[in-house]
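Enquirer: Now that you have both chains on their own, put them together as the hints suggest.
Each protein sequence line maps, in turn, to chains A and B. At position 107 of the first sequence (counting the first as 1) the number is 107 in UniProt numbering, and the numbers step up by one without a gap. At position 277 of the second sequence (counting the first as 1) the number is 277 in UniProt numbering, and the numbers step up by one without a gap.
Note that these hints are calculated values from the structure, not bench results. Among the hints, erroneous ones may be present.
Only pairs whose alpha carbons sit at most 20 Å apart, straight line, appear in this in silico SDA-like list of lysine to any residue [as the list claims (entries may be wrong)]: (1) B:160 to A:65; (2) B:160 to A:9; (3) B:259 to B:322; (4) B:111 to B:139; (5) B:160 to A:61.
As the structure is a computational prediction, the values presented were derived from the model and not from experiment.
The lines below spell out each chain.
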Amino acid sequence: MEHGARRAPRILVVEDDLLIAMDLVDELEDAGISVAGPARTVKDALRMIELQDIDAALLDVNLQDEDSYPIAAALQQRGLPFAFLSGHAAAALPPEFAGQQMLQKPVTTATLTSVIEGLLSSVS
Amino acid sequence: MGRQVAAFDWSRTSLGPMENWPAALRISVSNVLNSPFPAFVAWGPDLITIHNDAFRPILGMKPAPLGKPMAENWAEAWEAVSPFVEATMRGESVFFENHEVEIDRSGQMEKAYFTFAYSPLRDEEGVVRGLMDTVVETTSSVEAERKARIRNGELMHRMKNTLAIVSAIANQTYRSSQTVKEANERLLRRLTTLGNAQSVLMSEDHEAADIRAVVESSLAPFRQAIGQIKVEGQPLHLAERHVFSLALALNELASNAMKYGALTVPEGRVRLGWRTDGEDFVLEWRETGGPAVTEPASSGFGSFLIRSVLADDFNGEVTLDYRRDGVVCRLVTAESNLAFRRSAAHHDHAA
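The shape of chain B in the complex, shown without the other chains (with noise of 0.2 Å):
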């Protein structure tokens, strides 16, 4: 850059000839141009401007600056930036941090931000003739910070609402069992079942799960069984709010079978499997070789999970059959409701 403002021809400006520049502007223009940080001085009733190569990029396609009035430099900013101006030209020090100015560097309107200060230049009898820019452009931290406040508002909501569902889940257990030590005992593997459902959200993208993660999360507390267990069906993505019910309900029916189904026996067998055919998505849990069932007396908060909420989260249709050679649960929906919508944030993320 120095060699550029060497060669310019400076006598077209206001500032005459180099030569003829004052001891003040030399040396403001000298330490900006041996500065890596970007900066620039306007000197002068116009305001030329100087700058160094650090400051180039915040330019972006606009012209060349150099040795152009600042008020050209930020024609579509003047209105903006101006006043900073004035107060600079009248003395005063300038500080923004991270200032909103709407420019246009790329051919269209942009919001960029800024952490600038202006200096006031004097001259020998110290009366104010220029100004000294040096900024830094902080618009992708700001961005970022934004994205991180919708963030952690919906991390809240989230958070708001899971714990509004743990509670009916405490409510309804204790309601649904005979002892505390029964309740606790269920509580504490539905709670885990939530919490290692929300693990595979967390690993994934927060917002949608592979239903393969899900299915091996659920069951994953009946370790000693999983051999006896068969998964098969394809990737597919589930949303937030069918990981949760399909693993709660997941985890009832396994928990049912290592008490009285198909796993209370090395010889018992589980098939877990799902397919959809671009109209209707099938997941179906099949006992097989276990003791002879019969239906329970009474259906507890556990069937609940499977018949009523597992069914109501995919807008779908559960049926339980307490078959006598094994339980069999089938949810039926339209593929289509297994669509997920994205927040707000996850847009601005994909785009």
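Bound-form chain A, shown alone (with noise of 0.2 Å):
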């Protein structure tokens, strides 16, 4: 892991699908974005955000046993932006992520990377 002063932004994945997981992974790397997971759980995304330097992160919602709210609210504590994945037609989000962006499953790579641009530059 480098810590350099211009190290490039690296966005965590947290999709509990493999193929799309993998998919997303390889349209993100190829748009020069680097990746920190697919975190598949809860518990591997925590511990991600813990051990690894990120500065944003995409969240699927529905994870296979559990949402991805716990996820949510440790970025928010620590002030790194996200957006969440979806594939329901209108989940709706619980009011302490009200405000958050929300895409729907399938997201073209334009989307993907203006959206974390978005992100990115919010913090900045």
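Expert: What follows is the structure, given as structure tokens:
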């Protein structure tokens, strides 16, 4: 792990479906974005937030047997920006995350990269 | 019912003996009794009930309502019903569709739905003295609609999810193919496999499918070699996610066997078998009699589907062996991993 001053921003990807996760990572890396993960569970994601320098995150709302809200709360606590990804047509977010961006799966690479740019510029 | 009404001792009620009833009441009662549509008349200060035969089933196991005040017959629901009654007695007509009322007609409270109309009944001077209720119970259709809504929501979610998976498969197929033609062929084959697996799910109960039907659907495109593939295993139900990943993996194996493996020659054979022993579920694809096998130099998206996605979706281990005498692929997982949870709408359905 590099800790240089001009380190490329790193995005945490949380997605439980292996196929979709792998595809997301490929798309992001092709766009020149460095990826942490993909994390498949809340536990993995929380550990990655703890151990890796991440700058923003993409969170699938529904994981295998859980939802990703605890991850969102951990990110919020650290002031790290994130966007949700969901397969649900109109998933209602809990009030504490009401203002967060919600992307519908499947999502195009262009949308992904512009959302991530937006997330990164919101903190810099 | 007409006979029961005639035989009833009305002098014990506020209506008094039948021969003294006002013409308006007699006519209304006669209309209701002659109607095949569920209805009753309620008349007088305490709204004494006179109902027809068609109305009786709505009351279930409630005590006989004939000659009793309306408020007594509907005691448990009176708080909800009385505003409508009061409005009607002021001369208004009341009409509601699929109105929810909580009633007790079987020894416990239940939600029931009614489409009903209350019309005021007036005496010769035009004063409202009672009401007529015509009503159909719509509980079963309201519930059927509610279930259909839940199921539509689930279908919508499943479709979105399938689209996300399809777009990942398409992306990955194009990334790992040398030419557009190759990519197109592979993508079509994979999408067809997903489509066939979906058909198997739809033809069964939407959330689970028999493993043999899944196997047969994923091997169907290789019809010309079907005599060379021997399939054996016990009937077993697979959950939706298992259905898709198994179908995709088998399709990759068969496609490879057709191109490089045992299915390239007439004497080649494939044995596809599975078993459960109470602890583990083991599925094995074994090729024999084909040309000598060499491990491919690079592993593409096809082997990712076999090695990683299949293993991941089944929470198990997959080995893909390029043995010289034939490819062997094994999936091993705990049998308990095959168990699946049904969604809410299906719980209702099964109950």
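Enquirer: It remains to establish, for every hint, whether it holds in the given structure.
Expert: Each hint, compared with the structure:
no.	hint	result
1	B:160 to A:65	holds, 19 Å
2	B:160 to A:9	violated, 30 Å
3	B:259 to B:322	holds, 14 Å
4	B:111 to B:139	holds, 8 Å
5	B:160 to A:61	holds, 14 Å
When held up to the earlier numbered hints, the structure conflicts with hint 2 and nothing else.
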